[in-house]
Structures are given as structure tokens and as C-alpha cells.
Amino acid sequence: MVAVPIYIATIAIAEALGVFLGAVPSAVSHAVLILVLLGHSILMDRAPSRHILLVLALAPLLRLLSLTIPIREVPQIYWYAMIGAPVLVAVAATARHLDLPWSRLGLHRAPWPPQILIACSGLPLSLTAFLILQPKPLAPQPGWYGIVIGSIILLIFAGFTEEILFRGLLQQVITEIFGPAGLVYSSTLLAIMYIGSLSLRYVLFIGLLGLFFSWCVSRTGSIWGVVLAHSFINIGMAFLWPFLGAQLNLSPQIVATIQLGSWLLIVIGIIIFVLTLLQSSSTSSKASTPQPVLAQQSQFNQLHVYLSRVHAQYQALHERLQKWREGRSGYFTYRLNIIFVLCIAAVLTGLGIGLVLNPQGSAGFAGSSIEPTTAPASTPLATSAPALAVPSHVAVALPSLSPQPLLTPALIPTTAPSKTAVASTTGPVSAEIILLQVAQAEAGLRVGQLEATITYGSGQSSAAQVRFDLGDEQRVPRFQITTSYTSTDGVQSTERITIGDQAWERQQDGQWTVLSARESALKQLQVFLPRTDSISDLKRVTMKGTYVLHWYDTARDADVTLRVDAAGIPQQLRRVSRANGLVLTVTYSGWNSEVDIAPPD
Amino acid sequence: MTATVTEVTISTIMSNSSDALSTTLAIIATLLLLVLLVQKEIIRALVNPRAKRWADTLNIAIVPLLLAFGLVVAIRFTDLLH
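Heads up: the sequence lines are chains A and B, in that order. In this text, residue positions in the first sequence follow our numbering: the first is 22, and each later residue adds one. In this text, residue positions in the second sequence follow our numbering: the first is 311, and each later residue adds one.
Keep in mind that the hints are not guaranteed to be accurate.
Stated by the list, open to error - Restraint ranges, calculated between C-beta atoms of paired labels, are given here: (1) B:G380 <-> A:P96: 14 to 24 Å; (2) B:V348 <-> A:Y99: 29 to 39 Å; (3) B:G380 <-> A:L64: 22 to 32 Å; (4) B:F387 <-> A:L369: 32 to 42 Å; (5) A:I29 <-> B:L344: 49 to 59 Å; (6) B:T340 <-> A:E494: 48 to 58 Å; (7) A:T567 <-> B:L344: 45 to 55 Å; (8) A:P122 <-> B:A355: 30 to 40 Å.
It should be emphasised that the hints constitute simulated quantities derived from the structure, not laboratory data. We treat Cβ as the ideally placed atom computed from N, Cα and C, and that holds for glycine.
Please model the entire structure based on the sequences and the hints provided.
What follows is the structure in C-alpha cells.
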């Protein structure tokens with residue numbers, strides 16, 4: 022069944038199209054792949070091969086649904102249910118079509134102690150996954166009701182759905198042909214479906230995790246344990262670690278140690294997995310042809326036997342390919358050529374549409390790097406999933422300011438005119454173009470200073486003076502904030518300086534204390550920037566020497582007014598929260614003006 | 311982050327041009343659904359003992375796509391009413 026790796030590779034390319042060219046080319050490729058896989062399965066006569074192709078078609082179907090169903094106005098947590106429900110229906114229809122009973126899908130009752138152990142592995146793995154990807158929380162401040170509902174949704178429509186698809190269905194049918202190697206195929210496909218996470222490390226992690234889960238299912242015959250473990254990972258990443266991590270204030274050394282320890286655990290798990298494969302291979306060999314000598318061989322001898330078998334399989338494949346090259350196997354050549362042509366057609370269709378829609382080929386989400394968690398020094402604003410970094414009382418005052426990714430240069434439409442072209446135009450300039458200028462100005466921001474005030478509904482207020490230097494390859498990032506909080510008890514003032522990974526804070530008594538820098542300069546600055554990534558209902562543009570934009574910020578549930586100059590440089594930002602009436606006003610007094618920030622004496 | 315909702319999904323839906331993108335993606339899914347339905351009708355017209363099995367095979371993609379289509383239409387309609 023040479024077609025299976027070809028199809029898996031094509032799915033990987035279709036996923037990569039989504040990262041590098043955008044959603045539309047990826048969706049087209051996946052749609053064509055669905056047609057090809059279903060058509061190929063109809064033409065197949067042999068049952069196991071036909072079954073594999075049918076189940077493989079569910080992967081592009083999952084991606085197509087995940088790109089088409091979500092609606093911006095619906096909270097993100099409900100997207101899982103909206104996508105997962107049709108996918109579950111597809112899984113059920115496939116299982117019914119293939120006459121697979123529940124027990125063969127791993128849904129039967131199994132001894133609970135090993136399942137609980139497997140489920141518990143999800144807790145440490147969840148922390149590892151969080152530290153690798155560092156995603157933003159699904160909701161800024163979920164209450165208990167939100168956490169419970171969210172957890173149930175993630176359990177059913179993420180954990181259960183993905184496990185029943187990749188472990189219950191795919192692994193079941195693929196191991197019928199490929200044997201233990203089927204575990205690798207199913208894990209690889211799962212990892213491929215995570216390419217859209219934009220993190221290569223996370224994709225590798227998911228691949229290893231998939232191998233571990235596949236091994237657990239093959240050993241126990243039940244998927245309940247891995248369903249719970251998978252759900253714990255998702256729930257931990259969505260609701261637990263983003264908030265608990267901030268409370269724990271883990272130092273970088275502890276984080277690195279946890280990551281290393283978790284990786285070691287995974288490697289040990291994989292070694293156990295390989296040894297188990299060898300053992301099962303040896304056992305099946307003994308069952309078919311009794312070889313009493315093998316039973317007494319050491320593990321190394323068994324490894325030798327296994328490698329000999331792999332070598333023999335490689336030779337057989339090589340001979341087959343040789344025959345194919347020589348044209349002796351006409352039928353095989355014909356079928357394989359058709360598959361190749363169809364797969365290439367699927368990719369080229371998506372690629373062509375991507376290039377037609379976006380000739381410069383930069384509408385994808387990867388930008389210059391596939392690692393969004395590591396910002397390149399030259400483009401410090403091109404990060405995603407930043408943690409909220411605000412001084413303590415400012416953080417209290419800004420509950421609705423959830424961390425959101427900045428608009429990265431990769432997301433800026435490339436067909437829009439350049440800044441100079443816009444500046445030289447006469448007549449009214451559209452709001453979209455001004456927004457584009459603002460996004461470009463944000464992307465080019467390196468140093469500067471600003472003044473911010475926060476007014477509470479009760480009449481109390483905070484004021485902050487911020488100076489920052491985001492650094493480059495020679496300079497470490499620097500951030501200085503002086504805040505004064507006015508209440509009925511008087512005025513309290515503090516100052517914090519962050520230089521690289523060091524921080525100092527001045528208290529009321531004037532004493533400086535040394536802190537470990539929890540957040541980078543960039544992360545602390547993001548709260549005060551006019552982020553244009555969640556704009557809705559952009560109302561009007563007025564011209565009085567400057568432009569004034571009004572919009573509704575869906576992510577923060579706030580009304581925003583932004584005044585910019587003719588070149589698109591922000592002058593003043595005013596953000597009014599609809600939830601609690603907080604008013605944040607930021608005046609950008611020095612946009613890319615040099616500042617000098619030195620550590621305290 | 312899951313395979314169901316990835317960063318690409320989130321970025322697509324939350325982008326400034328999400329309305330145009332959503333429309334394009336919906337058209338792609340609808341076209342696929344139409345092609346599958348046409349295929350199914352053609353297969354059903356065949357005089358072949360295995361035609362029913364082939365048509366059932368296509369149902370694996372048709373049913374979820376129909377569900378998704380209905381779901382999105384219902385949500386949009388509700389949104390309009392509000």
C-alpha cells in the first residue's frame with residue numbers, strides 16, 4: 022500500500038500551504054484530497070486498503086471543517102463543538118460503513134488501573150505542552166461555569182474526537198496492513214495535523230506524544246485512558262497553566278528543567294515503545310513459526326533479528342521499485358502514477374489558487390519563521406501569545422486587556438499601497454489604509470516613550486510614564502515605568518526598570534529592590550499599543566490635520582478611539598471598556614524617539 | 311491548541327479580512343458538497359450491485375458537510391434576527 026505514505030505526505034503539504042500561503046489554498050487542496058481519497062477508496066477492491074483510504078479522508082475533512090465553520094462572533098471555545106460535532110458524525114458514519122463495532126474502536130470496558138495511569142500522564146504532559154507552545158488562554162477571565170463548560174467541550178470535541186479518529190479508527194485499520202508500523206503512521210498524521218500550530222517543536226512533541234498514546238492503546242486495547250490524557254493536556258493548556266504559571270512565577274531555570282525532564286520521560290517512553298515493538302514482533306514470529314532458539318536470545322539478538330527483517334523489507338521494496346522503473350509491473354506503475362498525478366493536482370490546485378489570490382505569496386501565517394514563540398531580534402513585534410505584563414495595580418485596573426497577538430507583518434495585506442504612496446494621495450484616505458499604516462508603524466516601533474492614564478468608574482485613577490527600548494542584536498531590551506495610583510488614601514508611586522532579564526522596583530520608601538524579570542520589555546509594552554488585530558465595526562475617519570479612527574475591539578470588549586498623524590503614526594489612544602467602564606488613555610509622546618534607560622544606582 | 315482549532319484557524323477567523331475569507335472558504339466547502347452530491351447521484355444511477363456501497367462511501371463526507379452547512383446557516387440566520 023505505497024499510496025498511504027504518499028497521501029500522508031500530500032496532507033502534510035496541504036497543511037503547510039495553510040501556514041505559508043493562507044487558508045484558501047489549504048482548503049482547496051484538502052477539498053481535492055477528499056475527492057481523490059474517496060474516489061480511490063471506491064475503486065479499491067481489497068477491504069483493508071479501502072478502509073485506510075476512507076479513514077485518511079477524514080483528516081482533510083477535519084481541516085476543511087475547521088477552516089469553514091468557525092464564526093468570529095462565537096466565542097472560541099464553542100468552535101471546538103461546532104467543528105467536533107460534524108467530525109464525530111463522520112467518524113461514526115465511517116465506523117458504521119466499515120462495520121467496526123465499538124470494541125474494535127477501543128470503546129469497550131477495559132481494566133481501569135492502567136487507564137487511570139495513562140490518564141494521569143496527561144497532567145505533566147500538559148505542562149510540557151504549555152511550556153513548548155505557550156498559548157494564550159481561551160478566555161481572559163473564565164469563571165467556574167466557563168471552565169466547567171469549556172472543559173466538557175474540550176473533553177468531548179477535542180480529546181475524544183481526535184483520539185477516536187486517530188487512535189480508535191485510523192490506528193485500527195492501518196495496523197491491519199502495516200502492523201506495528203501503523204502506529205507510526207497514525208502518530209505522524211496526528212503530528213501533521215498540528216502543523217497549523219506554527220511551532221515545529223510542538224509538532225515534534227505531538228508526534229512523540231502520539232507514539233506514546235498509540236503504544237498505550239495497542240497495549241491496552243482501549244482509548245479511554247488516552248482520551249482523558251489528551252483532554253487533560255488541552256484543558257491544562259487552555260485553563261490551568263496560563264493562569265497558574267503566572268501565579269507561580271517560575272524562573273527560566275525551573276522551566277528549562279521541567280522541559281528537559283519531560284523530554285527525557287518522552288524519550289524513555291519511546292525506548293520502551295521500540296522494545297515493545299521488538300517483543301511483539303518476536304512473539305508474532307514465534308506464533309507463526311516456532312523458533313525455540315529465538316526465545317532464549319537476548320534483547321540485542323532480537324534487535325538484530327528485527328533489523329534484519331527491516332533490511333529484508335527494504336530490499337523487497339527496492340526490488341519492487343526497480344521493477345517499476347523497468348516497466349515490468351505495468352499495473353503497479355499505472356496505479357501509482359494515477360495516485361501521484363492526483364496528489365500533485367490537489368497540491369497544485371491549492372498552490373495555484375494561493376498564487377492567484379496573492380501573487381507575492383506572503384499571505385500565510387508563518388512569516389519569516391515557523392516559531393512564533395521565539396521572536397527574531399530584528400522584528401521584536403512579530404511574536405504571538407504574549408503573557409500579560411502590567412504593573413500590579415495597572416493589571417488590577419485592566420481586567421479586560423487580554424493578551425492578544427500583535428498584527429504581524431505577515432498578516433498585513435501585501436496588495437495595499439506603501440506608506441509613501443498613501444501619504445502622497447489626495448482626497449480622503451480609507452480607514453483600512455490608515456489601519457495598515459498603523460500596523461506598519463507598530464511593526465517598526467523600536468524605542469520611545471508614552472504617558473498613560475487609567476480612570477476607574479469610582480473616580481480613582483492611575484497614571485504611568487513609560488520609556489522603552491526594545492533592543493536589537495547589540496542592545497538588550499529596556500523598559501521603565503513609573504506609576505502613580507491616586508485613591509482616597511492619597512497617592513502611591515512606584516517605579517520599575519527592566520533591563521534584559523534583570524528588574525528593579527522602587528517602593529514608596531524610595532528603596533530599590535532587585536527582582537527577576539518576569540516579562541520582557543516587549544510584553545510589558547503591548548498593553549499600551551493600539552493593537553489592530555481584533556477590529557470590528559470600524560466607524561468613521563475624520564480629518565482635522567490628523568485622522569481619527571473609531572472601532573470596537575472584540576477581544577477586549579472595548580470601544581477604541583485612535584488619533585494618528587498623516588503618516589499613520591499613533592498620537593493618542595483611548596480605550597473604554599464596555600464591561601466595567603475603565604478608560605485607558607495613552608499619549609505617544611515619543612514614537613521611535615531615543616531614550617536613555619539606565620539601572621538604578 | 312488542538313488539531314481541531316489551530317493557530318491558522320484562529321488567525322484566519324480573527325483577521326481583518328475574515329469576512330471575505332469566510333465567504334471564500336464557505337464557497338469551497340459548498341462546491342465540494344455539490345460535487346459529492348452529483349457524484350452520489352451518478353453512482354446511484356449505475357446498474358451495479360456495488361453502487362449502494364459506493365454511495366455510502368460518499369456519505370462519509372456528505373453528511374458532515376451538510377451538518378456544517380446547516381449549522382453555519384442557522385447561526386448566520388440567528389445573528390441576522392438579533
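To see whether the hints hold, each was checked on the structure:
1. B:G380 <-> A:P96: 14 to 24 Å: The hint (14 to 24 Å, Cβ to Cβ) holds, given that G380 of chain B and P96 of chain A are roughly 20 Å apart.
2. B:V348 <-> A:Y99: 29 to 39 Å: 32 Å, holds
3. B:G380 <-> A:L64: 22 to 32 Å: Holds - the Cβ-Cβ distance for G380 of chain B and L64 of chain A, about 30 Å, lies within 22 to 32 Å.
4. B:F387 <-> A:L369: 32 to 42 Å: Once the Cβ atoms are compared, 37 Å apart, the range 32 to 42 Å for L369 of chain A and F387 of chain B holds.
5. A:I29 <-> B:L344: 49 to 59 Å: For I29 of chain A and L344 of chain B the Cβ distance comes to about 27 Å; the hint is violated.
6. B:T340 <-> A:E494: 48 to 58 Å: Hint holds: Cβ distance 49 Å, inside 48 to 58 Å.
7. A:T567 <-> B:L344: 45 to 55 Å: Between T567 of chain A and L344 of chain B, where Cβ atoms are some 50 Å apart, the hint holds.
8. A:P122 <-> B:A355: 30 to 40 Å: 33 Å, holds
When each numbered hint is compared with the structure, a violation occurs for hint 5 only.
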